[in-house]
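Chemist: Numbering (the numbering used here), first residue to last: 24 to 639.
It is possible that part of the hints are untrue.
[To be verified] The calculated label-pair distances, taken between Cβ atoms and stated as ranges, are: (1) Glu574 / Asp619: 32 to 38 Å; (2) Gly309 / Asp208: 26 to 32 Å; (3) Thr518 / Gly563: 51 to 57 Å; (4) Ile444 / Gln282: 17 to 23 Å; (5) Phe460 / Asp404: 16 to 22 Å; (6) Val200 / Asp433: 31 to 37 Å; (7) Ile466 / Glu219: 50 to 56 Å; (8) Asp247 / Gly309: 56 to 62 Å; (9) Val200 / Asp426: 45 to 51 Å; (10) Lys631 / Ser252: 18 to 24 Å; (11) Pro367 / Phe460: 44 to 50 Å.
[Unchecked claim] Here are the simulated lysine-lysine pairs, BS3-like style, with alpha carbons at most 30 Å apart: (12) Lys400 / Lys521; (13) Lys400 / Lys250; (14) Lys400 / Lys284; (15) Lys400 / Lys446; (16) Lys631 / Lys562; (17) Lys548 / Lys562; (18) Lys521 / Lys562; (19) Lys529 / Lys548; (20) Lys521 / Lys446; (21) Lys548 / Lys468; (22) Lys250 / Lys284; (23) Lys250 / Lys312; (24) Lys400 / Lys58; (25) Lys529 / Lys562; (26) Lys548 / Lys446; (27) Lys562 / Lys250; (28) Lys562 / Lys468; (29) Lys312 / Lys521; (30) Lys521 / Lys468; (31) Lys446 / Lys284; (32) Lys446 / Lys529; (33) Lys631 / Lys468; (34) Lys58 / Lys284.
These are computed hints drawn from the structure, not numbers from a lab.
Where a beta carbon is used, it is the ideal one built from N, C-alpha and C, also for glycine.
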Amino acid sequence: MGHHVNRRYLLFLLTVVAFSRHVYSVTVDGEVPSKRPNIILFVTDDQGWGDVSFNGNEVLHTPNIDAIAERGVSLERFYVNPVCSSTRAALLTGRYALRTGVFSVTRGGERMRESEVTLAEMLGAEGYRTGLFGKWHNGATYPHDPNGQGFDYYEGIVEGHQTLYFDPVLSVNGTPVQRHGYIADLTSDAAINFIESESDAPFFAFVPFNTPHGPFEVPDQYFDRFKASGLNDLDAAIYGMMANIDDNVGRILSAVNEQGKSNNTIVLFMSDNGPAFPSNNRRYNGGLKGAKGKVDEGGVRSPLFVHWPNHIEGGRVLTSVSQHIDIVPTLMSLINSEVLFENPIDGEDLSPLLLGVTTDDEWPDRYLFLNHFHNMKRGIDGAIRPYPGAVRSQQWLATFQHDQQWYLYDLENDMQQQNNIAKAHPEVLDVLQSAYFEFFNDITKIPVELLPIQIGHQQASTVTFAAHEALIEGEGIDYAYEWGWAHDWINLNSTMSKATMTWPVKSVVNDCFEVDVLFSNENDKAELNIDFEFLNISKGLVLRLDSFVPEINEGQRRFYTDETPESTWASQTVGRFFVREGQGELAVTINNLKTDGNGIAIKGIVIKRADTQCEG
């Protein structure tokens, strides 16, 4: 797939790296490397700072992950966002997530603007092969999917989570493919195949595991190991999933070594947010306050281990504060790229610290900012507010919480946030508040908007408008699993009177499209009287749905949480319409629903380019 380099990425042969304060030549014994280093970036999903044995966890043994830190460096105070999609957008662009258009984990708020330049696009422009193996979560359809954002190849999931971890259907360059095995093993296999491909080009392998995020499914040998130690089912499953991650990290790095590429490969390991604590369970996290979804230390502090033989001296722990936005400028500096970006970078180049050019004591203090969105079920008004948010420096942490109160902590003396000292140090809090609001006002200059799902691209002839990405209005309509996370569907009550499902849409062509609805209907029949709005199309329709009782597959969950199960769906054609190029809405308003007494469920709307003549 193309990288859109000419349109989106300005590459100049400069004498300085534009986003770095200095240029640091990455050489060994004065010799210029004959080939740029390969890069492997591991990211895990809901694995906390304390979920590695290197950081003191005595229940979990992670020798392969620990080895990255032991042979390289550990950045002790590395921060991410409280949830996954925001972290991934910031990580891949070097920019705060709101600048990229990402403001939620569902309802389309996870889509990143196609004008954003990702690390994959930057490295692709430098001659790298780029691959993603695992979870994306920054847009499910082209051009917001991995191929549209610079990855030559991807295999994994584009949504926030998967319904089945055994024998899953994975997306391979946008095509659903049935795989057999455990999901983290399968995506690791794909990464190994990519690494072992014969090529003279350096590679960038982005390996974002979708575990230990729920649903909590894990092979027996991992679950049984921790269950035998006395843990409950939930903790045994989570720890088992993380032990599996460690084994797969080891497999991937062994493949690199067998290819003779270890000495010229930069390896990074991190997580996307703090640990998830479903059902209020607790496990070791270094005594840090908070968890996933919180702006406190426990919600946003992540391991970051970096290893590069003969370049980064091993066995060191760096204590300077750093953040996900620093990865892009740091890696581009480490490969000696001299670039100027169309989009300003928020992050700092950490290569002087990694390479030992400077020390923690010499490194200048800085502010790190975070803002966390509000989950919205209907509409997006109010999704972004100043709270919850946080600003950190080397010593201080100020948090602006849901109660709209500010809290101040001295992290150098109180890393566990046991003492709120806001009243004792109002002058410190004033400075931090001022810095935070300056940041917030800057990143919200461009209002939050739902980026349209695009149709008509040659790279994606069929596009699904998923139910969980729809905005819903009216009575008798709701998401089946309350919040409408990934893979959820919409239930229409049999007594509903008027309800609407709306998606933003953009057609890049004038063409004929077939529109199908994915549904289940546990009645002998169902009749919907609808108003159908699709860009330039506006008409009333009567849609008659056949009976279809779905098959529900709960998977092999060790502990039940509210992730949507797998389900089968029927498909029925709504019509074929000639759609003109433009941007607007796909809106389906159900004015009346006639059934035998049961409601119906809608999984999504499928739009595909049609070969036949059509209306409009």
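Chemist: Does each hint fit the structure? Answer for all of them.
Modeler: Against the structure, the hints:
Distance hint check: the CB atoms of Glu574 and Asp619 are about 20 Å apart, inconsistent with the given range 32 to 38 Å. Between Gly309 and Asp208 the beta carbon distance is about 29 Å. The supplied range of 26 to 32 Å therefore holds. Between Thr518 and Gly563, the C-beta spacing of about 22 Å breaks the proposed range 51 to 57 Å. For the pair Ile444 and Gln282, the beta carbons lie near 53 Å from each other, so the given range of 17 to 23 Å is not met.
Evaluation of the 16 to 22 Å hint for Phe460 and Asp404 yields a pass: the beta carbon distance comes to about 21 Å. The supplied range of 31 to 37 Å is broken by Val200 and Asp433, whose beta-carbon atoms lie about 52 Å from each other. Checking the proposed 50 to 56 Å range against Ile466 and Glu219 shows it is violated: the Cβ atoms sit about 41 Å from each other. Taken as a hint, the range 56 to 62 Å is violated for the pair Asp247 and Gly309, whose Cβ atoms sit roughly 27 Å apart.
Between Val200 and Asp426 the Cβ separation comes to about 47 Å, which falls inside the hinted range of 45 to 51 Å. Range check, Lys631 to Ser252: about 51 Å between beta-carbon atoms, so the 18 to 24 Å window is missed. At roughly 20 Å, the beta-carbon separation of Pro367 and Phe460 lies outside the given 44 to 50 Å, and the hint is violated. Note on Lys400 and Lys521: the hinted pairing holds, with a Cα-Cα distance of about 18 Å set against a maximum of 30 Å.
Between Lys400 and Lys250, the direct Cα distance comes to roughly 37 Å. Violation of the 30 Å bound is thereby established for this hinted pair. For the hint linking Lys400 to Lys284, the alpha-carbon distance of about 48 Å lies beyond 30 Å, and the restraint is violated. The hinted pair formed by Lys400 and Lys446 fails the criterion: a straight-line CA distance of about 37 Å is larger than 30 Å. Annotation: proposed proximity of Lys631 to Lys562 holds, straight-line Cα distance about 19 Å (limit 30 Å).
The hinted pair formed by Lys548 and Lys562 meets the criterion: a straight-line CA distance of about 23 Å does not exceed 30 Å. Annotation: proposed proximity of Lys521 to Lys562 holds, straight-line Cα distance about 16 Å (limit 30 Å). For a cut-off of 30 Å, the pair hint linking Lys529 to Lys548 is broken: about 33 Å separates their Cα positions. Straight-line distance between C-alpha atoms of Lys521 and Lys446 comes to about 52 Å, which puts the hinted pair past the 30 Å bound.
With a C-alpha separation of about 50 Å, the suggested pair Lys548 and Lys468 falls outside the 30 Å cut-off, and the hint is violated. Taken as a hint, the Lys250 and Lys284 pair is broken in the structure, with Cα atoms around 38 Å apart against an allowance of 30 Å. Among the hinted pairs, Lys250 with Lys312 is consistent with the structure: their alpha-carbon atoms are about 27 Å apart, no more than 30 Å. Under the criterion of a C-alpha separation no larger than 30 Å, the hint pairing Lys400 with Lys58 is inconsistent with the structure, at around 50 Å.
The hinted pair formed by Lys529 and Lys562 meets the criterion: a straight-line CA distance of about 19 Å does not exceed 30 Å. The hinted pair formed by Lys548 and Lys446 fails the criterion: a straight-line CA distance of about 65 Å is larger than 30 Å. Restraint check for Lys562 and Lys250: the C-alpha separation of about 58 Å exceeds 30 Å, so the hint is violated. Between Lys562 and Lys468, the direct Cα distance comes to roughly 37 Å. Violation of the 30 Å bound is thereby established for this hinted pair.
Distance check on the hinted pair: Lys312 and Lys521 sit about 45 Å apart at the alpha-carbon level, beyond 30 Å; violated. Among the hinted pairs, Lys521 with Lys468 is inconsistent with the structure: their alpha-carbon atoms are about 36 Å apart, more than 30 Å. With a CA separation close to 55 Å, the supplied pair Lys446 and Lys284 exceeds the 30 Å bound. For the suggested pair Lys446 and Lys529, the alpha carbons sit about 51 Å apart, so the restraint of at most 30 Å is broken.
Proximity of Lys631 to Lys468 is assessed by CA-CA distance (about 36 Å); at most 30 Å being required, the pair is judged violated. Pair hint Lys58 plus Lys284 holds up; C-alpha atoms about 11 Å apart against a cutoff of 30 Å.
Of the numbered hints given earlier, the model fails hints 1, 3, 4, 6, 7, 8, 10, 11, 13, 14, 15, 19, 20, 21, 22, 24, 26, 27, 28, 29, 30, 31, 32, 33; all others are met.
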